[in-house]
Structure formats: C-alpha cells, structure tokens
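> Given chain A, work out where chain B should sit, using these hints.
Residue numbers (numbering that gives the first Met the number 0), protein chains in the order written: chain A, 0 to 462; chain B, 0 to 462.
Rather than coming from a laboratory, the hints here were simulated on the basis of the structure.
Given the structure is predicted, the values throughout are model-derived calculations rather than measurements.
Just so you know, nobody snuck in bad clues.
Since copy identity is lost for identical chains, a pair holds within one copy or between any two.
Pairs of lysine-lysine residues, derived as DSS-like cross-links and limited to a Cα-Cα distance of at most 30 Å, are as follows:
1) Lys458 / Lys118
2) Lys249 / Lys350
3) Lys160 / Lys443
4) Lys160 / Lys194
5) Lys350 / Lys314
6) Lys215 / Lys350
7) Lys314 / Lys110
8) Lys261 / Lys249
These are the residues of each chain, in order.
2 protein chains.
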Amino acid sequence: MVLTVAATTSAQRRTGSQSNAVDLLITGGAVVTMDGERHLYENGFVAVRGGRIVAVGEASPRTAQAYPAKQVIDARGKVVLPGLINTHTHIPMTLFRGISDDLNLQDWLTKYIFPAEAKNVTREFVVAGTRLGLAEMIRGGTTTYVDMYYFEDAIAEETKKAGVRAVLGETVIDFPVPDNKTWEAAMVYTENFVKRWKGDPLIVAAVAPHALYTVKTEHLNEARALAEKYDAPLVTHLAEAPTETEYAEKNYQVRPVAYLEKIGFLSPRVIGAHVVHVNDEEIAILKRREVGVGHCPQSNMKLASGTSPIPQMLKAGVRVGLGTDGAASNNDLNMWEEMDSAAKLHKLVSKDPTVVSAREALEMATMGGARAIHLEREIGSLEAGKRADLILVDLNAAHLTPMYNLYSHLVYAVKASDVSDTIVNGRVLMRQRRLLTIDEETVKAKAREYQRQVSRSLKEGGQ
Amino acid sequence: MVLTVAATTSAQRRTGSQSNAVDLLITGGAVVTMDGERHLYENGFVAVRGGRIVAVGEASPRTAQAYPAKQVIDARGKVVLPGLINTHTHIPMTLFRGISDDLNLQDWLTKYIFPAEAKNVTREFVVAGTRLGLAEMIRGGTTTYVDMYYFEDAIAEETKKAGVRAVLGETVIDFPVPDNKTWEAAMVYTENFVKRWKGDPLIVAAVAPHALYTVKTEHLNEARALAEKYDAPLVTHLAEAPTETEYAEKNYQVRPVAYLEKIGFLSPRVIGAHVVHVNDEEIAILKRREVGVGHCPQSNMKLASGTSPIPQMLKAGVRVGLGTDGAASNNDLNMWEEMDSAAKLHKLVSKDPTVVSAREALEMATMGGARAIHLEREIGSLEAGKRADLILVDLNAAHLTPMYNLYSHLVYAVKASDVSDTIVNGRVLMRQRRLLTIDEETVKAKAREYQRQVSRSLKEGGQ
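In isolation and in its complexed conformation, chain A is listed as follows (with noise of 0.2 Å):
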C-alpha cells in the first residue's frame, strides 16, 4: 500500500548538507531504537526537526552543539523508545468503561452494549469518549492507534487536535448504527471521510467493514472498492471467536481466512483486528497477501476468544502488532500489559518458556505494529528519515530497581504510568506527566456525566 501520510521531502532527509539546527534534541538517557539492527545506544541522543528524526546515535561531549536546539529534554534515568502502536480499539467506548463484566458474550452485547449504543452514542458522545480514550494514551506512551467505530470524522478531528497519529476506520456494518441509519449512507459518509483526511500528516482514514458475519458479500466487495479507490486502509475483525468460524463454513462453506481470500478482500491494505482462529494455511495466506494482524491478547482471554498462534505467525513472517480492543471488554488502553500478557500468554499455551521474548513482545508494539498498519517506513522505529513518534520511560521507580536489562524491563516491569514524556511527530504531547494538548479535568468531568446517562438509559431499557 502506497503511504498515504505525506512523504518525507528529500531535503529532510539529506540532514548533513543542511543545517544542523534542530526543532528538538533528546539527550542523556539509553535510546533503544527498534531499527533493523535493534541498535541500544547506553548514552544516546535523537534529534528532531519538522516532525522527524534526523539523527540517532550515542551522544558525545559534542551532541548538543553540534545540533544547537529549540527545546532539549534531558532524559538521564530514562529510556527513550519508538512511541507504540494500538493496532485495534474502539476508542469512544472508554465510556463504557466496565459497563459489564464476566458475561457470555451474547449477553454482553444484547443487554449492556447494543442497548447502551443504541441510546447514547451521538457525536457529542463519540468526542468526548475520544478525547478521554487520548489522554489515556498519551500517558501510557501510545503515540499512533487504529480505530473501529462511528462518526469516525468527529474521531480524527480530536485526535488531530490532541496530535496523536492514528488509522481511523469508520465502521461500515448491515444494520443502522448511530451515524447512518443505512448502508448507502454509511458509504457516503465513508466516502467523504477519506477524502476529507487525504493526504494528513497524522490522520490515515480508512474503510472498516466490521466484520464477515456482520457484512454480506457484496458490500464487503463494495468497501473493498472504495479503500482501493482512495488507496485507503481496509480494517475488520477477522476469525476472533468459534462462532465466527461456524459461521463462514456454514454459510460459505469455508473458514473465515479462506473466504475473504476468495472473494479478494485480502491485501496490503488489509488490517485484521485478532486473527485467532487461523490455521497454516490460513497463515500462508495472510503472509502472501501482506495481511496486517492486530493482536489483542488480553481481549481474548477475558472473552474467552482463544489463543492467537502467534509464534507460528511470526515465525512465518506474518505482519503481527498488538492491540488493547475497546475499553468495554479489556478495560482500559494499556499497551504495557498487552506485551507483558502476549509475551506470557504464548509461553504458556506453547509450553515453552522461549516463546515470544521480551524483545519480540516489544517489537509487536512497535516495529510489528507499524508493519501491521503498513506504516513501517514512516513510524515504528528511531531512525533518522522516520516521523519522531518517541516516548520516554522514567527508570527510577522501585518496581524498576534494579536494572539488568532493558528489554526484560520494558515487558515485564514497566508500567503505563512510569511514561514520562510523549511526542508525536516532533510534537510534544506529554510533559513529565503533564498533558499539553488536553485538558483532562475538564474530559473526566464529560466521561462522569456520560457515565451517569448511560447508566439511567440501561435501567429504563429493564436493566
């Protein structure tokens, strides 16, 4: 898939002929990069100007000079790392925060979250679910997201606001949902979305049929047109539960990998959000069609989903990210518990304690995430040339005491809230714990009385 974000000019990446002055230089703590060679600079430095990295390496006694900067943040005590990627949320339901819990699924959605979107979702309620859903991104280092959801347009407008990077798919489904009431208007909407982003530095807006037993055949077809019309991404749920299995064998007559691969949905620009239930076959596929797999561990253990056969993706060279899901199954939007859980997870059930290392959990929130969304040449790594999505880990806490490696402490001890710094693409989001692009006493206040809304709608409905 052609990137649809801008392109890198050459000038910005012919760094050494210009000038070395730079917008913002990060400098003192360890720089894990993420790059091909998975250089770790102990002393290290980024540069970054116009919204990219134009320098990476270890620092010297002559890094500040030589590039003279607007803003220096000193990182000592810290590890600066590529910012992470959420391949699969929802992100507006961060209002349905634990709405409920611990139920069979048809119950979860046929008593508490069909009937809570039914009467509550409206644009107003989308902006205010997304901005909350942000902030807490922002603060667990979260710098670019993919999305499933409605009124997706109202979505990338906070997200440009709050300047975070993300994938946006607006769901399309055969049923009337809050923003269109039919498939034809659906379309339309879809249609203006993508064209409305084109072209934006940090918004990709992409078509997002929600899944194949809740689109027919056709319009699967028809969604498949029009992100391939506006180059767009292409995002669905893809083989996340046995019943979804069934379904595609009982109605047609082949498993559900196999029957997008036969109607031609798969390709490049396909992001499928859990791919549980795939076999080799099925993985064969979505290698060779370059398919981008969002893995969201933690939501298919809480639903009883099953386990994705991650080490077999991997190994087969199968695009794999992470995903947290909506906050109203997983329940929140931690990115550090996913890599902790994925790189856990697959140990167990492969019974085999090697399985997904620390540095591939981090690698899937990272790298593997930005090949999952196709973005690999513009995020997913600290390289000059790439757009400055970093964030910084504050090392001092005692559950980081001592240090023996870095990778280990990135899965299995950091926590969300020992992210100090986010910046995205150059910009700074988060400073030392402190938002500057949201104000978030304001967006908790808006979340509480949705909260209470949501509440009295579901005990008039009976509940």
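Below, chain B without anything else, positioned relative to chain A:
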C-alpha cells in the same frame, strides 16, 4: 491452626462500651469491605484504634463526632479496601529482577539463578533486597506477604521495621545454601527463628521445606514436626511443574499432593505455592486438609508451568489466594496484575468468560489470601475487630474514568500506581504516595550497587 499473632482483647472488641476516641478515621470514600455479606459502603468510614478496626459502615454527618480521631484521612474520590495479601514470593530476589528471562527452567536456574545466589546472597544482600521489595509492595498496596528464602530472620527484622505484615518461611533444603551449609544447621537456625518471633503482632515465622523434589521424606517429616512443635505455618512449593509430578511418580509412585498426604505432611498449617498439577481427587485432599493455595498466574504463564485448576478449586471450597512469586521470575511484586491475569487466564482456559469474576479475583487477593494463609480471623476484610490493614485507591486517573462497577474497576483497570495510602496494623506506611517507613532513594541506590556486583560475578563465572 491457632493464630500466632497476638489475640484481640475483649476490651478491644467491646468498642460500644468504651470511649469512641480512635487513632485514625478514614472517611469520605467508598468502602469495599469484602466481609461475609460483601458490604460496600458508597460513602463509608473506617475507624481504627490500637491497630484494629473498631467500626466500619456508611458515614453520616455525625461520623466525625462519633469517632473523635487523632488522625483523619479524607478518602474523597477514593476507595478504601482491605490490603492485598501476596501469598507467595521470595522478597530478596527483587535484586535479581530481570536477571534473565525467556529461558527454559534448567538454563534459567543453572546459568543464572543458582550461580548468582551462590556468589552474592549474604545477610546484607537479603536486607537490601527485602527493603527494596517492601518499598514496592507498600507502593502497590500489599499489606501482608508470604516469603520463602534464606536469612528469614533478617527479612523479619526489616519487615517489622517497615511495618508490613508477613508469614516468613525459612527455606530448608537438601543442599548447602547461603545461610546454612547443612540440614542440621538449617533446622537449628529455623527453630531459633520461629521461637524468636512467636507472638509478634506483625511477623509469623514459618518453616519452609523448599519442595518435595529437593527435600527427602525424612527431612520433610522433621520440618513438619518442627512446625507442629511451635504451631508455625509450613510453607512449600507444591505441584508447580510437570517435572515435579514425574519426580513424585518415579520416586514415590504417587503424584505430589497424594505423596504429601501419604506422609502426613498436609494439614491446616500448610501453605502450598503454585499447586498447578492437581486432579479432582487431589483437590478433595487439599480441601479436606484445609491446605492453603498460593496461586501465581503470571509466574505459571511466564515459566510455562501450566494452568492451575482454580475454578475447580474455588468450587470445591479450597482456600485459594494469589501470589506474585519472586521478581527474578515475574518480574515485579504487583498484585493488581495478578488479579487481572487470574481473571483473564481462567476465562481463556475454561473457554468460559463467566468464570473467576472480578469479585472472585479481588476475593482471592484479600479474604481468599487470608484464608490461604490461615489468618482469616485477623485480616482479609474490613470488619470491626480485625487488624487495620487497609489501602486507599485514587479513582481519579483517566484510565479509571468513568466508573460503572467498583469490583470490575479494581480488577480490570486499577494499577498499583493508583494506590495512594497503605496502612498496616493501624500504622500509615504510605501517605499520598510518600513512603513513611522506608528511605526509598537509599534503598534503590543500594540495589543498583548489588546489580553491578551480581553482573560482575556472573561474568567472572563465564557468563
């Protein structure tokens, strides 16, 4: 087992007939009691005198007057709940946090843990690691822990100084260890240790034969007899890995739990860590003998030990608590993540999203833990007459907004960093995130010194 902590005086229980002046009054927040009826007071209070809770209930405008207090803690926007109980750890191993990961058990033990212990573990090392672990536990709201390590007498001293409650098991094993070079020396040390702490209000000294595959039958019997002589708990690793089952079947022609039953080891004084590989018959034995189980879901996942049949044990009425295991394997002492993992893991493995509900997970970390360590008459819930071990959790964070269900929040969304205050035996150990009984910066600096020493020692050994 008779409680080894000092008994409540009848005067303390008859609070109604005494003056209502108290040492500490906590008011303004929700109070989750975890008592028999699971009372949850939306605007509750807890009054504390002489290290014990004298009253808990719904607050009224007259509460402050009714319980004139030396210290008042305003819990507005917070929730008050019983302190968490970590039923299995090796606290000094915080100094080995992340020393090696993603290895098979044999490599991990023989290449890292055993040489690192042989070359570095002294009384001073244990003191430093204990202080570090205590800092982490107080910060995360753990008020009681069960330990197995060496130099437990030093661990007891540090734990008492820091004001934390603990069941401390001096590890005895059939090979030379850092504090005792022979079995006989270890038994003398352990007897003195148990005698010294008898009747202490915070410390319960215990006998801890390492495991059935490292302690021969004769020595297991001696350890049991020593525990019986002093009415002390008997702590051991039990049925952790498939290799242990193989060992027992090969050497004793029965499975681990059945073997311990056969030799008369099992009783209400036993706390078994892990207890992964048990069948229905063995679960019935554990129930009949009132053995406590320290379930360590994250350790079991990371080391690929297997999945403990927790839903079956809970159904059978076995005493089940949660534990973190040591920081060398897991790699932190975070009980919130154990609750979250327990709830999710058992849903996945049972293929049933309704098992191990949030309330059951919280129960395992509080009252269940108290039952597992046979201290349920003293701790585990907020009830008049019980020890005042309680924590405050700040609900204001973005990742905790909004809130529909308190139990769900506590298990699926709250993080260790949300704990604002930790109180043990009526003493405030952390107030608004500031540790009051531990000089944390000094402790962390010392831990970093040990890390350098340990790393050097492994290199010298050819690592």
